[in-house]
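Asker: Below, each chain spelled out in residue letters.
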Amino acid sequence: MFKAKIMAVLLFMGLVGLCGVRAIGGPHWSASQADPAQEAWRKEFDDVCSKTQDAMTFSQEELTVLIRRCDDLLPQIEKLDETRKKVYMGRLRMCRGLYAYVLDAKRNEKK
Amino acid sequence: MNKKIFIALAVILVFCGQALSQTGTKKKRPLPYEYGRVIIDNYSDKADLAPVVFEHWIHRSKFTCRVCHVDVGFAMKAGATGIRAADNARGYYCGACHNGKMVAEGKTVFQSCSKKVTAEDAKRCERCHSFGKKVASDYDFFQFSQPLPKERFGNGLDWEKSEELGLIKPASFLDGVSIQRKSLTVQKDFALNPKVEGMPDIIFSHKKHTVWNGCELCHPEIFMGVKRGTVRYSMVDISEGKSCGVCHTTVAFPLADCQRCHSKPV
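Protein sequence lines correspond, in order, to chains A and B. The working numbering puts the first residue of the first sequence at 1, with every later residue one more than the last. The working numbering puts the first residue of the second sequence at 1001, with every later residue one more than the last.
Be careful, since some hints might not be right.
With a straight-line Cα cutoff of 27 Å, these simulated DSSO-like cross-link-like pairs (lysine-lysine) come out [said to hold, decoys possible]:
#1 A:Lys-106 x B:Lys-1208
#2 B:Lys-1188 x A:Lys-51
#3 A:Lys-79 x B:Lys-1115
#4 A:Lys-85 x B:Lys-1115
#5 A:Lys-51 x B:Lys-1115
#6 A:Lys-43 x A:Lys-86
#7 B:Lys-1227 x A:Lys-106
#8 A:Lys-43 x B:Lys-1182
#9 A:Lys-86 x B:Lys-1062
#10 B:Lys-1207 x A:Lys-51
#11 A:Lys-86 x B:Lys-1101
#12 B:Lys-1188 x A:Lys-110
#13 B:Lys-1207 x A:Lys-86
#14 A:Lys-86 x B:Lys-1077
#15 B:Lys-1169 x B:Lys-1062
#16 A:Lys-106 x B:Lys-1207
#17 A:Lys-85 x B:Lys-1188
#18 A:Lys-111 x B:Lys-1227
#19 B:Lys-1208 x A:Lys-51
#20 B:Lys-1207 x A:Lys-110
#21 B:Lys-1115 x A:Lys-86
#22 A:Lys-51 x B:Lys-1046
#23 A:Lys-86 x B:Lys-1242
#24 B:Lys-1182 x A:Lys-51
#25 A:Lys-85 x B:Lys-1101
#26 A:Lys-111 x B:Lys-1188
#27 A:Lys-106 x B:Lys-1242
#28 A:Lys-85 x B:Lys-1077
#29 A:Lys-51 x B:Lys-1062
Covered by chain B, according to a simulated footprint, are these stretches of chain A (three or more residues, beta-carbon under 8 Å) [claimed, not checked]:
#30 48-60
#31 64-76
The set of hints was computed from the structure by calculation and includes no laboratory data. Ideal Cβ placement from N, Cα and C applies to all residues, glycine included.
With the sequences and hints as input, model every part of the structure.
Answerer: Quick look at the structure:
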């Protein structure tokens, strides 16, 4: 009876461990989150996308420049590891999307 | 006699069955503490783990919508982000805060997923992977909600007023993740005329929405029309989760709270 209990506990612990390993298994692991200060693309990203609050105050020319800067960032972000690519592609899409949206609105205003 | 009753019952059952199949069954209204709950099961099941139960109310009391849905990068649709344990362990998505290092309210925020998992970590995994399990939480909704101003639907709380009164202080910046931005130039509120006669106009407050969301969370992905009046919004579309319904059927006060949007005095 005692042996059976020990076996059951060991089996349970083994299963728990196995579940944990399976949960994180699969894709490769990068060392850690890269220091954003060291990366030029991140500096440019922060600079371009920090202006979304002021989007409505920009001229059409300024908005066009911001959209072009977003487009220039795209190939650099595509080169990142899977996780960062997913995160920053999404962030860039939103940021570029807003500038393009405001530019459209401004063009419409003039019509 | 018995035979007649039996036939009558059978006829009633057939009609009831038909009626139910036409209209479906009524959706259960979530309880205040369940409102906004998201069950995430992109990969959990495949990893033999219970799906993740994400409680919006805990997180929205600490952060603005923008921090999570713009800066951290969570999609606005449940399951659309495709979060993996590896992403969290690298310090992204849930791992942006749940990294075992961040200190909030005097407590270290527990780590979400890690590179190596031992048997002792099972309890930690269960804090999120808790669907269908009885896991004790550090946060009790009833205790949390007690001092907050009440509302009728959703979480039963007036989140906006709670912030105004300083009872909650959602952070709008996450170190290392958010970008320093200037404070927002607030766009003017505007009125929208409903199609139904006698229904009060909708007063859309840009201020209320931008404080928590910023601009890019809504434009252009949720609201793409650039010229006012060119896109027609219907309550059917909204109740199906489009436009306002993206938030107001899931997390923000629900559509049943008509007068909070249709608020122009008649």
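Asker: Would you mind marking each hint as holding or not holding in the structure?
Answerer: Here is how each hint holds up against the structure:
The hinted pair formed by Lys-106 of chain A and Lys-1208 of chain B meets the criterion: a straight-line CA distance of about 23 Å does not exceed 27 Å. Only pairs whose Cα atoms come within 27 Å are accepted, and Lys-1188 of chain B paired with Lys-51 of chain A is accepted, the gap being roughly 19 Å. Restraint check for Lys-79 of chain A and Lys-1115 of chain B: the C-alpha separation of about 23 Å stays at or below 27 Å, so the hint holds. Between Lys-85 of chain A and Lys-1115 of chain B the CA atoms are separated by roughly 20 Å; this keeps the pair inside 27 Å, and the hint holds.
As the CA atoms of Lys-51 of chain A and Lys-1115 of chain B are separated by approximately 36 Å, the hinted pair breaks the 27 Å bound. This hinted pair checks out: Lys-43 of chain A and Lys-86 of chain A have alpha carbons roughly 18 Å apart, not beyond 27 Å. At roughly 10 Å between alpha-carbon atoms, Lys-1227 of chain B and Lys-106 of chain A fall within 27 Å of each other, so this suggested pair holds. Between Lys-43 of chain A and Lys-1182 of chain B, the direct Cα distance comes to roughly 17 Å. Compliance with the 27 Å bound is thereby established for this hinted pair.
Proposed proximity of Lys-86 of chain A and Lys-1062 of chain B is supported: the alpha carbons are some 25 Å apart, at most 27 Å. Our distance criterion of 27 Å between C-alpha atoms is met by Lys-1207 of chain B and Lys-51 of chain A, whose separation comes to about 18 Å. For the hint pairing Lys-86 of chain A with Lys-1101 of chain B, the CA-to-CA distance comes to about 24 Å; that is within 27 Å, so the pair holds. The hinted pair formed by Lys-1188 of chain B and Lys-110 of chain A meets the criterion: a straight-line CA distance of about 20 Å does not exceed 27 Å.
Pair hint Lys-1207 of chain B plus Lys-86 of chain A does not hold up; C-alpha atoms about 30 Å apart against a cutoff of 27 Å. For the hint pairing Lys-86 of chain A with Lys-1077 of chain B, the CA-to-CA distance comes to about 15 Å; that is within 27 Å, so the pair holds. For the given pair, Lys-1169 of chain B sits about 6 Å from Lys-1062 of chain B by alpha-carbon distance, which is consistent with the 27 Å threshold. Simply put, Lys-106 of chain A and Lys-1207 of chain B have alpha-carbon atoms about 21 Å apart, close enough for the 27 Å limit, and the pair holds.
Annotation: proposed proximity of Lys-85 of chain A to Lys-1188 of chain B is violated, straight-line Cα distance about 36 Å (limit 27 Å). The suggested pairing of Lys-111 of chain A with Lys-1227 of chain B holds, with an alpha-carbon distance near 11 Å, which does not exceed 27 Å. For a cut-off of 27 Å, the pair hint linking Lys-1208 of chain B to Lys-51 of chain A stands: about 20 Å separates their Cα positions. As the CA atoms of Lys-1207 of chain B and Lys-110 of chain A are separated by approximately 25 Å, the hinted pair is consistent with the 27 Å bound.
Of the supplied pair hints, the one linking Lys-1115 of chain B and Lys-86 of chain A holds, its CA atoms being roughly 20 Å apart against a limit of 27 Å. A threshold of 27 Å between alpha carbons decides the hint, and for Lys-51 of chain A with Lys-1046 of chain B the separation of about 41 Å lies outside it, so the pair is violated. In summary, the hint linking Lys-86 of chain A to Lys-1242 of chain B is supported, as the alpha carbons are separated by about 24 Å, within the 27 Å threshold. Taking the CA atoms of Lys-1182 of chain B and Lys-51 of chain A, the gap is near 8 Å; set against the 27 Å cutoff, the hint holds.
Distance check on the hinted pair: Lys-85 of chain A and Lys-1101 of chain B sit about 24 Å apart at the alpha-carbon level, within 27 Å; holds. This hinted pair checks out: Lys-111 of chain A and Lys-1188 of chain B have alpha carbons roughly 22 Å apart, not beyond 27 Å. The straight-line distance between the Cα atoms of Lys-106 of chain A and Lys-1242 of chain B is roughly 25 Å, inside the 27 Å bound, and the hint therefore holds. The straight-line distance between the Cα atoms of Lys-85 of chain A and Lys-1077 of chain B is roughly 19 Å, inside the 27 Å bound, and the hint therefore holds.
Distance check on the hinted pair: Lys-51 of chain A and Lys-1062 of chain B sit about 24 Å apart at the alpha-carbon level, within 27 Å; holds. Evaluation of the coverage hint for the region 48-60 of chain A: fulfilled, as 9 residues show C-beta separations to chain B shorter than 8 Å, against a requirement of three. Only when three residues or more bring their CB closer than 8 Å to a CB of chain B does the claim for the region 64-76 of chain A stand; here the count is 0, and the claim is violated.
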